[in-house]
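Peer 1: Spelled out, the chains give:
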Amino acid sequence: MTAPATTASTRGELAFGLVLVALGVVALTQVRAIAGNEGWAVSGPRFVPLLVCAAWVLLSVVYVVQVFRRLGGSGEFDRTAALLMATLIGYAYVVIPLGYVLSTAVSFVLTARILGSRKVVRDVVAGVVMALVVYFAFTELLSIRLPRGVLPL
Amino acid sequence: MDLIEGFATVLQPLNLLFAALGVTIGTLVGVLPGIGPALTIALLLPITFNFDDPTGAFIMFAGIYYGAMYGGSTTSILLNTPGESASVATAIEGHQMARNGRARAALATAAIGSFVAGVISTVLLAFVAAPIGALAVKFQAADYFALAVLAMVSVTALLGASLVRGLISLVLGLFLGLVGLDQVTGQVRFTFGAPVLTEGIGITIVIVGLFAIGEVLHCASRVRSGEDTIAPLEKASLRTGYLSRSDWARSWRPWLRGAAIGFPFGALPAGGAEVPTFLSYTYEKRRAERAGREDFGHGAIEGVAGPEAANNASFSGVLVPLLTLGLPTSATAAVMLAAFQIFNLQPGPQLFQTSSSLVWALIASLFVGNVLLLVLNLPLIQIWVKVLLVPRPLLYGGILVLATLGVYSLSGNVLQVFLAYGIGVLGYFMRRYDFPIAPVILGVILGPMMETQLRRALVVSDGSFTAIVTRPLTLAILLLAVVALVLPYAPGVLARVRGRRIETRKLVFSDED
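Same order as they appear, the protein sequences are chains A and B. 247 is the number of the first residue of the first sequence in our numbering; add one for each residue after it. 0 is the number of the first residue of the second sequence in our numbering; add one for each residue after it.
Hints were generated in silico from the structure; no laboratory data involved.
Some chain B residues near chain A, calculated using beta-carbon distances under 7 Å:
1) V163
2) I167
3) L177
4) Q186
5) R188
6) F428
Backbone N, C-alpha and C fix where the C-beta goes; we use that ideal spot for every residue, glycine too.
The shape of chain B in the complex, shown without the other chains (with noise of 0.2 Å):
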């Protein structure tokens, strides 16, 4: 019923305006090397400034997100150069593809893929959503700290080959956000008599830093090589020309299987999309080499597919947490949170209560978005890649000038813009020495969070750290942080136990090393 209702504020004729604008503009800068949906989604959060109405402004958030995605794909397929490493699984096999001259093919299975998957898990959303801010609401301070815990550690266990690097990461960030005035006492913290730093650093400041001004430094140092060249569309008629039947066959699999596993994996605070898309990405890679294919690693369709689907899907998931517990999983959620908090709302269980018909709205935009991900961007595919034929010094050059108009429009003030620089040079160095970068922001949005709730579980039990521990659920989602932490040795130690010589010491979700 209320979902009928959220299609038809959608449908109105100027939120519909605005959806197709949000993927228009969504697409043009997702497009861009090295900026993924989060970056896009906080560099354009000032447009919608002068909404009156948040509903309009979340409907074209979520085309912009839709957008943002599927240009991130477009570049991660034709360049190899993922905006975020939820993308980084899809570059593998996406770029071999388009490198054997298979670009549409890729691109295609990728657009509709993320359509499959987005469908299924934004109706998945509609039903789960309601119940779980139900139950929400009996969670308590300790149970808020417990999810943060563990929502930081599964990420940072399950990326990237070294678990120091990635505590580091996780604890950079987690000092980023200690920065300013405490949330509970007022005091300021390691502001450095600087005035600017007592507002704290804000997320978009920090993803602007670690991705945008990171990610442009770190191009700039290797620019000279002139490594990645655009790998060519090959030409196609507009009808069949996409998807040949055989990838149809060998694509709505691994869609489906993407999907299953995207929205769960979101929907747990387990920090978006990176697992599942690598997950995804393994399963398949597992499966072919299973059936003696040895495709993969040479352009396998099911490689871009997978983990595509599980991508967008995962966001869906990760809507489950941020709008029934105000709790941000992921650095687009993030932004989302933000873009929440610019209107005076508050995501979490009383949400579905006070601003039920945002709410829905919100979630009939996914839809929407979705379709007009599909009508627009499919065809319209030989456009964007126009941009990427833009010279490499100009187009970075055009991403530090939007970095920094974006930064300054949010904060109007040059001192922010510094700062933004700053951790963009820390972006830079981790970026260059293997740090992984999703900790950092994990740490930076759910650090305040879990030490406010963590010290109010703490004033209830006059000091005393038995009341954590004593909770059931509480105890069980700490116990499930301890399990992501040592899992990725499991295989290992096991081997060891059976008294086998091993390969790695540590499973990994990532391409790296």
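Excised from the complex, chain A in its bound form (with noise of 0.2 Å):
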């Protein structure tokens, strides 16, 4: 293992390579959501989009190798961080039927447990707490649509 402070500030880049996988698979999955009757033609509207976002995906991940390489690539790591990625595009996948408050709640309570607390009620309400106020905030304050999903809200 490396000196703690290089790991301290390596954990950290790892996060935000897992963030930025996150954040392309999302992207990925919207590329269907372009309309047009081109559908996936070269010349149509999807097309170099999803270039963008596969080769935003696929250089994520190699990224988050290459830290994962600095850092030595202990095994309980690797498997945290595994653990966090599966979350995290799983996140991407239910958040749209799901809804955001629901889906934004679950997968804070896994991530808070993942990262090691043993906390659950603590982590519920953190969550559903959490959840509900991005939700209404965006929603009625900022008038940006979030996916409300199964959750009469």
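Take the two lone chains, each set in its own frame, and fit them into one complex as the hints suggest.
Peer 2: As structure tokens, then:
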């Protein structure tokens, strides 16, 4: 393992890399939402976005792997990071159908648990409150639509 | 002939006043730590909203640019906080000079070098622009696509220590450029249902977010360490104290070499001033080492004179693709393009026919801006340094206020301000983890153009990519892009082929890592 200071900043890099991967996956899924008669034609409005988002996901995965290697890739850390990435990607997939509040709260609790928290009640309260505050702040104050999903909000 | 008419326009008293005003405001804003020329012009764009005549506005912009660039090198030298990657090279030796008590000489060689290189490169611009404009009429969609690819790839490959990080920066920029209405079919893309995103994310929002807000956040995260202190200016008499005889002797060749490197690299669509400034720095350093001198790293005046000259010369160079092809290859050029669009002017092959007098007035104003810069800034440097004496928290607070105001007055929309803040947070993390910023900017400005031209070419060829690779000009430009991608690895590969051990795996034009 590297010196403590380096490890701390490398963990930050890892987190940034994972966020990049997750955002890239979200962007990639949004390519399908682009309407148009051309479908997936190379001269249509989906082709370049598809390339860009695919490159985004690919490059950020490479980046995460690079940071991993620098960490020395201890087994436990691998598992934590892999679980985190899986959670983020899963989140990206359920956020539209389940809605922002439910999926955010659930993945918040999951993330906290993966990172070592064992206080489930506290995590649930924090996750639900945070998700609700963000949801209403964005939809009511900023009128930016967030996915409503299955909850009757 | 046209240039003389241009001078006649610029030398009218009112336009001269605009130029002087531009230089002064530009220096004032540019001297703020972390604020470079592109950001300064972006923040000051709204000033010209009420101008009836674009000529006056562009004369002012030229002044603002030169002022901001000089202000930026002042801060780089005195504080070691370069506002754009183009002045990073200057900061390396310049700040060392300042710490050795030679701040005034560093500032003088920067100013005079900028002037010399600016005049030379503007002459070249005046000669080269019209012929290239005539040539550019023959360019087709596929060529524009290839040029955009070349500009993006070369900057990404040549800057920064990690190709992966550079490419991620580029991809993020390309994505930001995709948001909003598709230019060909009018479909909305990546708006996530938010109306504010429909019109797209403007380049000024991205520049303000990444440079101003990202920089303030970055500084805020280490403000407690209180590392940077202003190097004091030594006392000097007005006439002779700036540069000693030996300073002159050591400066004039780097100025000329800087101009010789800066203009062609700026004119090539290879993304502005970053590459030439580092190239000039590396070259001067190699020369000094070969001559057996070891003062590089301890304040060698050549390390300021060369890169500053290259920086200024590359701006005139960048104007070549901007004016003749409508192709902005640097952040500053992109903001200039935004300024053109405010006045409903479209740079490109037709510009020299449709707005000939404006173009020549702009070129003439570059000369005038250079002169004013020298006349106003060299004696007034004490005043600009006072700006840096403002306490850090107030200074950064002021930058935030200025940035917010700039975005709000450009867009008239609070949501755009939030968008800029969000991009600023991204910029903060990118800075923190050594992701280069320049590729993001190029992705945003060139991405939409690259896509539109690619699709236009593909429509003509019925969706077949062969049209792109069979046209010789297009293919040649794309091959150049491949060369740029491979070049940084060439020394390492060559050494390995010859069976020698290698120190570095990638050639890097930056001081990071």
